[in-house]
Every structure is written in C-alpha cells, then in structure tokens.
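Below are the chains, spelled out letter by letter.
Protein chains: 2
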Amino acid sequence: MRAVGTSSGTFLRCRRSKNPLHQGKNTQASLLFLFFSLPFPSPDMATKSSNTAKKKEVKKETKLGMTVKKDDNFGEWYSEVVVHSEMIEYYDISGCYILRPQAMSIWETLQKFFDPEIKKMGIENAYFPLFVTENVLQKEKDHIEGFAPEVAWVTKSGKSDLEVPIAIRPTSETVMYPYFAKWIRGHRDLPLKLNQWCNVVRWEFSNPTPFIRSREFLWQEGHTAFATKEEADQEVLEILELYRRVYEEYLAVPVIKGRKSELEKFAGGLYTTSVEAFIPHTGRGIQGATSHCLGQNFAKMFQINFEDDKGEKGMVWQNSWAYSSRTIGVMVMVHGDDKGLVLPPKVARVQVVVIPVPYKDADTTAIKAACESAVKELNTAGVRADLDTRENYSPGWKYSHWEMKGVPLRIEIGPRDLEKSQVRLVRRDTGAKVDVPMTELVEKVQEILMSIQENLFNTAKEKRDACIEKVHTWDEFMTALNNKKLIFAPWCDEKEVEEDVKARTKGDHGAAKTLCSPLDQPEITEGTVCFASGKPAKKWTYWGRSY
Amino acid sequence: MRAVGTSSGTFLRCRRSKNPLHQGKNTQASLLFLFFSLPFPSPDMATKSSNTAKKKEVKKETKLGMTVKKDDNFGEWYSEVVVHSEMIEYYDISGCYILRPQAMSIWETLQKFFDPEIKKMGIENAYFPLFVTENVLQKEKDHIEGFAPEVAWVTKSGKSDLEVPIAIRPTSETVMYPYFAKWIRGHRDLPLKLNQWCNVVRWEFSNPTPFIRSREFLWQEGHTAFATKEEADQEVLEILELYRRVYEEYLAVPVIKGRKSELEKFAGGLYTTSVEAFIPHTGRGIQGATSHCLGQNFAKMFQINFEDDKGEKGMVWQNSWAYSSRTIGVMVMVHGDDKGLVLPPKVARVQVVVIPVPYKDADTTAIKAACESAVKELNTAGVRADLDTRENYSPGWKYSHWEMKGVPLRIEIGPRDLEKSQVRLVRRDTGAKVDVPMTELVEKVQEILMSIQENLFNTAKEKRDACIEKVHTWDEFMTALNNKKLIFAPWCDEKEVEEDVKARTKGDHGAAKTLCSPLDQPEITEGTVCFASGKPAKKWTYWGRSY
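Line by line, the protein sequences are chains A and E. Under numbering that gives the first Met the number 0, the first sequence is numbered contiguously, ending at residue 546. Under numbering that gives the first Met the number 0, the second sequence is numbered contiguously, ending at residue 546.
In short, the hints are calculated from the structure, not lab data. Keep in mind it's a predicted model, so treat the numbers as computed, not measured. One thing to keep in mind: the hints can contain errors.
A short, non-exhaustive set of chain A residues, derived as facing chain E with CB atoms under 10 Å [said to hold, decoys possible]:
no.	residue
1	I92
2	E149
3	K181
Derived pair list, reagent style EDC-like, types lysine to aspartate or glutamate, alpha-carbon separation capped at 20 Å [unchecked claim]:
no.	chain 1	residue 1	chain 2	residue 2
4	A	K119	E	E107
5	E	K119	A	E376
6	A	K155	E	D160
7	A	K192	E	E88
8	A	K138	E	D91
9	A	K158	E	E149
10	E	K494	E	E261
11	A	K158	E	E203
Beta carbons are placed, not taken as given, at the ideal position from N, Cα and C, and that holds for glycine.
Kindly generate the complete structure, drawing on both the sequences and the hints.
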C-alpha cells in the first residue's frame, strides 16, 4: 500500500453531483480544460460547498487537463496524453525522451513476462558493448546500407580525437557475430541462444514521436544460431507468438502475425516476420515487433562455421528478434481517450485507486478507515491498489487525475456507502458504475479487472476489424487508403510492384506500403489477380500507411 | 533442469584415482595446463582405462586450463579466470568487454535483491536518455571537471556532422536534474526518488580491466531529492547498508562502510560514503559502491526549488548512489583460486553439478537414473542443480571444467554409491568430500551450500583482516604500504596532507591515498597525531593503493 497523503480531513462534496465533469464517459475534454484552468473550486462546484474556508488550500492546477481530443488532432492528443499521464517528459535533445516511472513500470511488467518465457526456451541473457567499429559494422553489405544513415558516431573523448570513429549500436548483429564465430566450433556448441536488454540508437530525423520513433530506445534483442534451418524457422515463430502475447494478453492490443515483403524485411536477413498493429484514428499500421530469420548471410560474412556430428563443416542458421519500448506507445494510441490514458489492468502499476468521498459533516475517520481497509484487503489479494487521501484536492479533481493516469478501476467510499456496507466501483474503460457489498470486494474487483482487460482487447479488435477493407482493384485500393483503412489485397509479391505502389502513393501523408502477409492466409481463388499489377496474385497482404 | 548432453554411455574411470588432478585442493595449475593441452586421455589416465575405443571421441581441449597462478601473476590470473570461466570475452574495442551469461546471471541476481529493496523505500525506476548536451553537462563546475577527460562525444550521424557535439552520460546528475527542477514545485512533490538501471561510458585510458575498469559498464544510479538534509543523510546510510549486503550477503566479500576524504569524494557533491573492499593479493583497496549526499550544490545550479508547507521557498537536498558491474570483478578477485572461479552459492547460476561416474561395466543406466533423480529432487527443493551427462568428456575433465566455472558443489554418483544408496559431495571452496545417504540429499546439500556461503565470507574476512595494519608514523606507513597492507592510520583530515602523501608515494605501483574513514571509528586518544603531518589526528582512516 502506497498512500498518497496520510492525515484525515474534510472533503468537498461533489460525488454524484450534476457537474458534467462527473458524469462518467461523456465528460468533455474542453470542459476538463476549463476545470483545470480555473482556480478550484469552479463556480459550479462552489455552489455545492459551504466550506469556503477550504478553498484556498485546494491547489490550482493548470497543467493536467487534456486540451485536445483524440478525434480532432491525434498527434497533439498523443503528445498530451503521454506527458500529462506522466509517462514521458520531453528532453532537450530532439528525439530523446525521458521514460518516467509510469512508463518504466509497464516496461518492467512486460519484461517480467517475456524474460522467463525465453529462459524456458533455453535463451540466456548476455550484455554486449554499446560500441562497434566501422570495420565490423560494415561487414554485411545490405545490413549496413539499411542502417548507415542513422548511425551515431563517437569521434572524440574529452578533448582528444579518437584514432578511428566508433559507432553506437543501432542493433547488435555485427557487434555479436564475430564472437559467435569464435564460440561456435562444433555441433555441441549449438544452438547458441542469447538475448540482451539494452538501449540502441538510431539517429532518425523524421517525425520523432515518444515511444514510437525515438533516437534512443530500450529493447530486448535475441540472437540465436542453429545447426539447421528447421530449428531456426521454428524459433522464429515461437518468438513471434510471445510477441503476440505481449500485445494481446498484456497490452490488450490486437495484432496480426505475418511475414514482411522483400522490400520491408530486415536488412541483410533471409525473411522477417512481425506482429502488426493498427491505429484506427490515423489509419496507419505499426510494426509491433519483429522476429527475423537471418538465414546464413551473416554466418557467411562472419564465418560462423561448425563441424557437424559426422565431422563435416557446416554453416549456422541464425535468427534475431526484438521488441522495444514502442510497445507502450502503441498501447497508448489504441486505448487512450479524451480523458487521457487507459491502462489494461495487467500492466497498470496502480490497478485500483481508492478515493474517500466524505460529504460535509460525514464521519471522515470511519470513511478513511474503510478506504484503508479496502486497500489493505486488495493488496493482500495481490491487487495493486492505492489510496488517495490528499486533503488539498477534491474527490472530483482526483477522479479526473486518476482517469488521466489511466487507472483501470476507481473505488469511491462515502457516508452512504458506509451505511450500506458497500463501495462504488467505477470503470475507466466504460465509465460504468456499480455498487458492491464490502464483503465481496476482492472477488468483484478481480472480476471487473479481468473484464476490463478483456473489454479493452475486444473493443480494440472490433475497431481494428471495422477498418479492414478487402480490395481487388487499384481504385478500390486508393479509396480505402484515403479512408484510412487497413487494406487487405491480393498481391503478386513482386518487389517492383511494391516500389511502384509506393511511388504512386507518395504524398503529404507518406507512401503506402505492405504491412505484412498474414501467416493465416485466405485461399487464393482461381483467377485472382494483384490489385496493383494485374498479374496473378500469390498471397493476400495487408497494405497501408505506417509509422 | 538443464541437462548437458542426454544419452547414456560408458565413462572412463578416473574417480578416486591417484591422478594428482583429482586430489582436491592441491591441484596444480601447471599440471592442469598439461592436462588440457594433451590429447585426452593423458598417459596416466590411459593406464587406468581399458576402453581405448572411446579415446577418439574425447574432445581435445586446450583452452580451458588455468596457466597462471593467483600468487604468481595476479593480473594475468584474473584475465584468465574471467575468460576461461566464460564470464567475459574481450572485445575488439579496448576497454569494452562482453558480459557472457555466466556474468549476467550474477548481475541479475544482485538486481533481484536490490531492486525490490529500493522499491520498498519508495524509489521508482525511470529511464533517462544516454545523451546530454555540452551546455547542461557543464552546469556544475566541479562535477564536469571530474568527468570531462573521460566523456565520449558524438559528433556525427550517418555522414552528417551534428550541429553541436553531444556527450554520452558518464553519470546522470546533469541529465536528470533540469527535470527535477521542472517536476518539483511544492513540498508535496518531495521526496522525489528515482533509480535507473543502465549503461554509462567513461572513456578511461589507464589499465582497462574486465568488470573493474571498463569504458562502458552497467550500473544502477539512484537520484533522490528531499526537503531536508536529515532525510537525505538518512537515505545515504540506508543505501550504503544495501550495498554492504550486496557484497557481504551475496558476493561473500567483506567491505568497510566509510566516508571518503574531500579529495576522493564525488565531484560536485557534499560528501561521499562508500563500501570499500580489499584485494589481499595485490594489496589494493577497491571502491565497491558509493552513496553520495550531493547537498544543495546541484540544486543551486539547476534551481531545484520548492515551496514548503508555510509557503516559503526552499532548496532541495539531493543524493545519488550507484553500484556497478564492478561488484562481479571484486568477487572474482577475492574468491578465485588456481583452479579458476569460485562462486558463492547465492549468486551461482548453477549451485550444484551432478556428474555420473560409471566404472567400466557399471550399470550406467541406473547411475544415470540416480543422477537425474538427484537433480530433479534438488530442483524441486529450489536448488539450482544441473546434470552433466556428456559422453565425450571423462568425469575428471568435467570436475576440472566445473571447478573452473566456480560451481560451489559437485555431486558424484558411481556404482559404489549406488550400492550404498549414497552420493559423494565435493565442495568447491575447500575440496572437502563427504558421502551422504540419498535420503538426506536435499537437506545436506542445502546445509553445505549455506556453509560454503559462510565459509567464503569468513575466509575472505580473515584474509582481509590479516592485511590490516595500524600505523602511527610515516615509516610504519611506508613499510606497510610496501608490504601490501590495508593501512589504518590516524589522520588530520587535511586535503593538503593527502595530496602530499600521494605525491610522496607516487611510483610504479601508483600513489597511496585514503580509501575511507570507517563509520565505525575507534576512539582518538589524547595526543594521537596524524601519521603524515604530525598534527593532531581527527579520525582513523584506511589508506592504501587502490584500483
């Protein structure tokens, strides 16, 4: 239990008032802005409070309110949500962001799921240096071409020039593989399966966006080597399934498992699989995480050979796979609303906030005791509950505050609740309110948290699915693209055709490209042709603009 | 259970042989080298084996043996231990090292202790950028003077020059504190307590040493701000106590809690406390971890002010504190021996290795089954046990292999053990062997692991304490220094005197300096004078050369 403020006191009355701020899901962002901009209590609130002496203690708070609606200006809305929910602070170097505890706790929750899962698969954690020499970085030609423009170079230490410039890892294939070559001698050294949790740097200049596109980000990168392609292929999919679970089970974000086109695959690899999410508000796909089979390209360049059990020379098959702090941004974009962040209970640092709602002359001591007891009971049952007993904020202010921070469930306890031995539960996702007997508190809370987790996923999936549009012709494609759809189209799977589509759709909003060809492929019926080239279609592929 | 090799087979007989390699603690490094350099089996071994057909299957292994003794050449011994135990791989950029799973698992174990402890103290994890602008970095004058020569600068991205060079954090005071100033407004925003697990870079040029002094290293850095000095002072000591526990309870390394001299304190801080370890073989002290009170110096420079509960302006009191991957190096140096690494059971990834020892014509299936059952039973009881059933290595080779890797306890199961329903336990720390009934396996193993943990600490403490030498005069000081002692001396606590001692002791082995003044101070008796200046002594202080 982490209590916010500890001493008891009298609170302003505002619960179940007619103030539109407290009517659940219809709260308007513009009103919220007004609310937070005005010295508290607002005129409306003041009429309901006779305790004017308390007014001056209530903190003037102008920075917390949402001023932009998700529908009106998505980009600004997003910046506002991540900052006001205290996930992100903008940093004085463009494209770098501070991940505050609210964000890091989510990162840690995902790590606590993913890390034991890969350990079960026999993958071990290691840590390789941040730096790589130019010489090694450039060993795989396609790979370096893919990353070269984004590489940050260290050229000086103190006041001295380094003898040779040293790159900061944009990813660690070239950092690690010379040592794979050293460590792998015989078939008994295989498979070699390593992972590291680290930061990487890609000095991108286009549209830096917190979590989504930043110059430094946190990720895990797995790097594995096998004796056979079959083993590598199998692991690619096992990891991809873990990525699906990160998104769907934890972040409640639906994703499509698929394979990337030749144009979009990892530079230097054999093939790339990914989980792809979709942001309905902007009509853009977003690559959620990637699991690459590198084939033997890197093995060739770095001479990662081994002697098999018959004494013959072989070359390893390699994979690399990663998910990053981008996951958190996708979650914010998908679930957030005009009140702020919406957190799936599984990743919420605070799952339940308990707020005392004492009317004037109520028995505040008894109410506070009931709140404390509720928090204690929930914590004991493993629910992450927190208590907000701060005296200098009204219950109404606290409702908005914790809604902004995305806390999944609010518990209000007032004098009437005390009388009836009940508490009021208010869901962050739907705004729905329900009174439950105190004796059933833990059970009901656990039930509702599960229901919120499910509902967030189902709602997001419905919204995503409603955006999917099957097209067969170029005209249909363009209409769907302009309508921000997630386009599903039969495609000839030719690189030149994708390049052509990109060229023809280039514009202010960025070109359309393939997102992925889902692993789960519909049948290609006789005579189905590519929407873009008119050639025989080879696969169904998702297309769209993307982050 | 992670089995190394799976199928059963016949093993060469070597247990309880007269081969000096298997006589426990008297094994000689030079012989080990010979052993590993020769095609296996060695002539000595061959006489004991009639199964010559197996010879060619046994792997020739030349790289694992220790070639240097700890007493003979400590530096080379250390390099050999960290590499051959597979903790470290040297990297192609000088001063950068690869932390292999054997090292990372220790880092993770320490993290799993420390992270929940600081969370209990209300400290939250965040992540701040790797980069800092020159402008901000230089805000605290003393601080930047302390770090400037070691700062790595990024000046290019891709082929373009950056507008201004950007520094890689050597530590994050200047990265974080501008945002502390932004986040802290009133007394209710205090205390602000953040921590991050990250990498930092200090481009040092002197004596790079794995773990101990590397250009990039892993650490946690805590940064906290309080309304009062009392709170800051208290936290400094609470954290220092956690650092003591990291060393003493986990790594079994005795440390001294103390306060740094003015000359040795953190650049820009008010005072520095540390835990200091000592390496008897080199007679050098080593700073284990530091907990700094920064006072208000940074608060002044970064204007971290707040309004107190009376509406008056105050300035925060700050701390920063860190321990790094250096911890692992200190552990290696203190416990390692001529056979390789010695791991305290609490941090050993594998605490017990089970090795089948089938004589010729023995019932290998039954032996293997007994081994598997032992591992299973131990794992179920929470003991990290592993099975080595590899057929291409002899039991003797395996003994040396796992000794090199520092595994605290070995279990041997042969036909005679099977007959007697017992197993043989062999301790890594003392080489002591004991046969225990299979029915008491778990209980005995847990008991012995605890005993090993304690014994490692006690032995290290005895050795350390035997090096402590109290001196009162300059002559005694110099004699003790030349004898690689941990010198304990009354001191006047004057900066100029420490500078003078450094100047007078400068030589091939580096100057002597203060290590710390222990928090637990002996009384300064009337008339006690400083060993160096002859002025009245103010405190007892540890002196010596250091890493």
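How the hints compare with the structure:
1. I92: holds, 5 Å
2. E149: holds, 6 Å
3. K181: holds, 7 Å
4. A:K119 x E:E107: holds, 16 Å
5. E:K119 x A:E376: holds, 19 Å
6. A:K155 x E:D160: Holds - the C-alpha atoms of D160 (chain E) and K155 (chain A) are around 13 Å apart, at most 20 Å.
7. A:K192 x E:E88: Status holds; Cα separation ~16 Å.
8. A:K138 x E:D91: The given pair, whose Cα atoms are some 14 Å apart, holds under the 20 Å limit.
9. A:K158 x E:E149: holds, 9 Å
10. E:K494 x E:E261: With Cα atoms ~6 Å apart, K494 (chain E) and E261 (chain E) stay inside 20 Å; holds.
11. A:K158 x E:E203: holds, 13 Å
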